[in-house]
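*Asks:* Residues per chain, in single letters:
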Amino acid sequence: MNEQILTIVTFLPTFGALILLFLREEMKQAIKVTAFVTALITFLISTYLYFNFQPDTAAMQFVINKPWIKALGVNYHLGVDGISLFLVLLTTLLTAISILSSWTSVGDRVKGFMVSLLILETGMLGVFVSLDLFLFYIFWEVMLIPMYFLIGIWGGINRIYAAIKFVLFTMFGSLLMLVAIVALYAIRYKATGVWSFDLLSYYDLRIPLGAQNWLFIAFALAFLIKVPMFPFHTWLPDAHVQAPTAGSVILAGVLLKMGTYGFLRYCIPMFPNAFDTFMPLLAVLALIGIIYGALVAMVQKDVKSLVAFSSVAHMGFVMIGMFALNMIGLQGSILQMLNHGISTGALFLIVGMIYERRHTRLIEDFGGIFKVMPIFATFFMIVTLSSIGLPGTNGFVGEFLILLGTFGLNKVYAVIATAGIILAAVYMLWMFQRVMFGKCEKPENQKLIDINLREKLVLLPLIILIFWIGLYPKPFLNAMAPSVENLIEQTTAKKMHLSQFAVPDKGWQIATATQIEE
Amino acid sequence: MNFPNVDFALLSPSLIVCITALLTMLLVPFLGEKRQAVVAHLSWIGLSIALVAVSQQIGKNITTFGGMFLGDDFSQFFNGIFIVAAMLTIFTSIDYLRRKDNEHGEYYPLILFATYGMMVMASSSNLLVIFLGLEIMSVSLYVLAGFARTELKSTEAAIKYFLLGAFATGFTVFGIAFVYGVTGTFDVAGIINAAFGQSNVDTFLIIGGALLLIGFGFKVAAVPFHMWAPDAYEGAPSPITGFMSAGPKAAAFAAMLRIFSVGFGGTVPHLQTLFWILAVVTMTIGNIMAIRQNSIKRMLAFSSIAHAGYILIALVVGSGEASSAAALYLLAYALTNLGAFMVIALVDSGTKHDEFTSIDTYTGLARKRPYLGLALTLFMLSLAGFPPTAGFMGKFVLFKAAVSQGFYILVVIAVLNSLVSVFYYLRVVVKMFMTEPDGQPIEIPAVPVFLMVALAFAVAAVLLIGVYPQGWFNFAGLTILGAN
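As given, the protein sequences belong to chains L and A, one line each in that order.
Numbered by this note's numbering, the letters in the first sequence go through residues 1 to 518 in order.
Numbered by this note's numbering, the letters in the second sequence go through residues 1001 to 1484 in order.
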């Protein structure tokens, strides 16, 4: 069971999608139920990972490692550790929630919609669990196409532009990453004489500094676009605003995490020296992202693009915490990935609910909704506060740890980042005030109906998580601690090792790459 | 007179194709106008027997006719591509010709003759024999390109293809003459003997190589010898366009790999620089021009030019690994493009005349025919090189071969080019899935049985090579050139 569990979790959604292909387009109810049941079962099975996870080891767990394409040295190698465990759970949870949230809002071509979502889920899970560079790249690209369809078919007015922009931006990064992967593969072959894509063995590979810089740039670019970090963020607002609610939830909740996860899993441990070199530049970009995202969010007229820009700011936090490369900062960063998935996912769901009722998202079209939809307003309030980072909610724990970690790195960075939190409070609360309070003057708004049972069920799990992480984050932090510690130790050791032996910097000097002796 | 010892088992695949072609050609006049499809069925049966014969020859690596005819795995791999391409084309054509009111039995023997020519091309390292195969293939294709004789565009395609093709043939012959003049032999091995290890390679040998490059550059539609391709691709009947992009391209590359990677390989650095430039220019111009096209056939013509540019990377690298990567790439490309042209032929056959090739025709196609739309999407993604499709595997092995020899800049240019290509391939997907037709949508005929079989085969093959390519690697790994 332990060996098969990751395969089951990853491919169950695809299996469900295949079943959907046999249902006729007219059987809308059956299609929705099948899709939801598939996603729910996937989530339930994935909780097995949580309950059977050994929190006292940094080793990969639930590992499966079978040869796949022998001629290229590609293995079917899956596994989770403390870093990826919660991202897997987040993915399975958010997919189930977003299917439930699309129950009534998607009426056209339901089958295609559900099939896309389920295949997307397989792609996302695959990215988080694969421990083979080739396999990772395949999943990384596979998830692009269903997302492209989700935005392009079921999106808003400018959906085609947004969809193509999304694909081209992501492809730009990932194609350069492909070249870097192939180059690494060749470097590893020259060093060890074996063609292999096994990720863990790359951690021990001593790559000359010049080559490290180039490879780091190629990998980092792919991840930075995905995160997205300033100035590569321009695809994000377009994609978010045009995407259907479920698409936005998945996009913000999971897809962006692939960038930050990629940094943790690939960029930092594989190229520690290059990371050291580029870190100040990246940290400044993250800080610009925090401030810029917040300022732009403040002036948005559309609630959805406000949330989209707030994502740019929040992801900046995740990045800066990671760059500190200390225990607290990294734990905060990983926790904040989850928090952002939960809070921003919930915000997009809320925006979707109100859009479904009013067919507008402009802030000025609302006002005084609190009195008309009290339950909705309460949920909205909790999520807004969690997004700001009020103590007692998840956002506080994550941001506090990140700030502590950043303080250890550089005090100026920490001060600037803190300013970002204040700005976040400004734009979120101001938006909330304009939408929810004041007089309910518009007649359309007075007739709004409060959220129904399905919508409550959609939001409830996220609200529970907001308080759980906010009040008792220990299980989360404990589970990720050994892996984070191991990552830091490994990276520092490799960095020291390389600078000690100071391989002369001659650009592409492939032949000098060697394996670190145990 | 002593007749050389001929190994007929080795010849059997090409002989079967040739004999089937002759027999069916003779049969055509005896069949009534309504029963011309019989020729089609006989043709694909003959081809499938030839395919079995090919499979019997794998791993034997022997030669016959005094070394003029090779039976190495490299040629068997390509023979397989040609035969499958011809079969898929025949399956696509049966209903297409009927709907276009152009059912003439000669069509099928011509495809078989072209296939025979390709098989000869891929099975020899003798320049003269390669030339013979080239001509058998080309002449048949000239006729096929103009097969829709009542259509102006088809006639135009045939005339352009023929005139420029004949011109290019002149270069090929001239090149062969120069090489013969220097080396005194037609065999590729002679080039190695004449050039290897010498500090000053004979100028005439280099001129000969460059002339051969022009001749073959025309056949694979490398820039700047590509001008014929868009018109010929657009005017030819849709199934033939698919065939042209799959078979002859693979055959010409097979011959080029033999001549340049083995013959000139590593001996003439000038040619490597030339190939480098040719590869970059070809892929870039092909991709940029493809963006502006409104006809899907023209777009795929430019895309085929771009793909020729990617494959030229193998000739720049020149290693054995690169040629086997090119072989896999050509297989993936052939299957994908044939699949795409099956859908195009089906849409095209909705009318008697050829106005159904604009990309706008595909507006909203997926709503009415979702599976057809998905199939074409899969082929577009494979052409763009998305995993897990055959197109990705082909690109990956090609890039790996180039990177392991240190050609980083070339590979970076190639991936940036494939980024450009994503844009125009996805345009078709956008039309099919994300837009609604303004007026009355066009009628697309139901998928006939044979086309269904061919389409299912193409989809399965593209996915299979993408998801589990191990078997193909075992085979393609054997095809590494240079061992002979």
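Note that these hints are calculated values from the structure, not bench results.
There may be inaccurate statements among the hints.
Listed below are several chain A residues computed to face chain L (Cβ distance under 8 Å; list not exhaustive) [to be verified]:
(1) F1008
(2) R1149
(3) P1387
(4) F1433
Just so you have them, the derived chain A footprint on chain L, three or more residues with Cβ under 8 Å [said to hold, decoys possible]:
(5) 68-82
(6) 141-154
(7) 350-356
Counterexamples of contact, computed for chain L against chain A with all Cβ distances above 12 Å [as the list claims (entries may be wrong)]:
(8) N2
(9) M27
(10) T34
(11) Q54
(12) M381
(13) Q433
(14) F437
(15) I463
(16) Q490
Source: prediction; values computed, not measured.
The beta carbon of each residue, even a glycine, is placed where N, CA and C say it ideally should be.
*Asks:* Could you work out which earlier hints the structure fails to respect and list their numbers in ascending sequence?
*Replies:* 1, 2, 7
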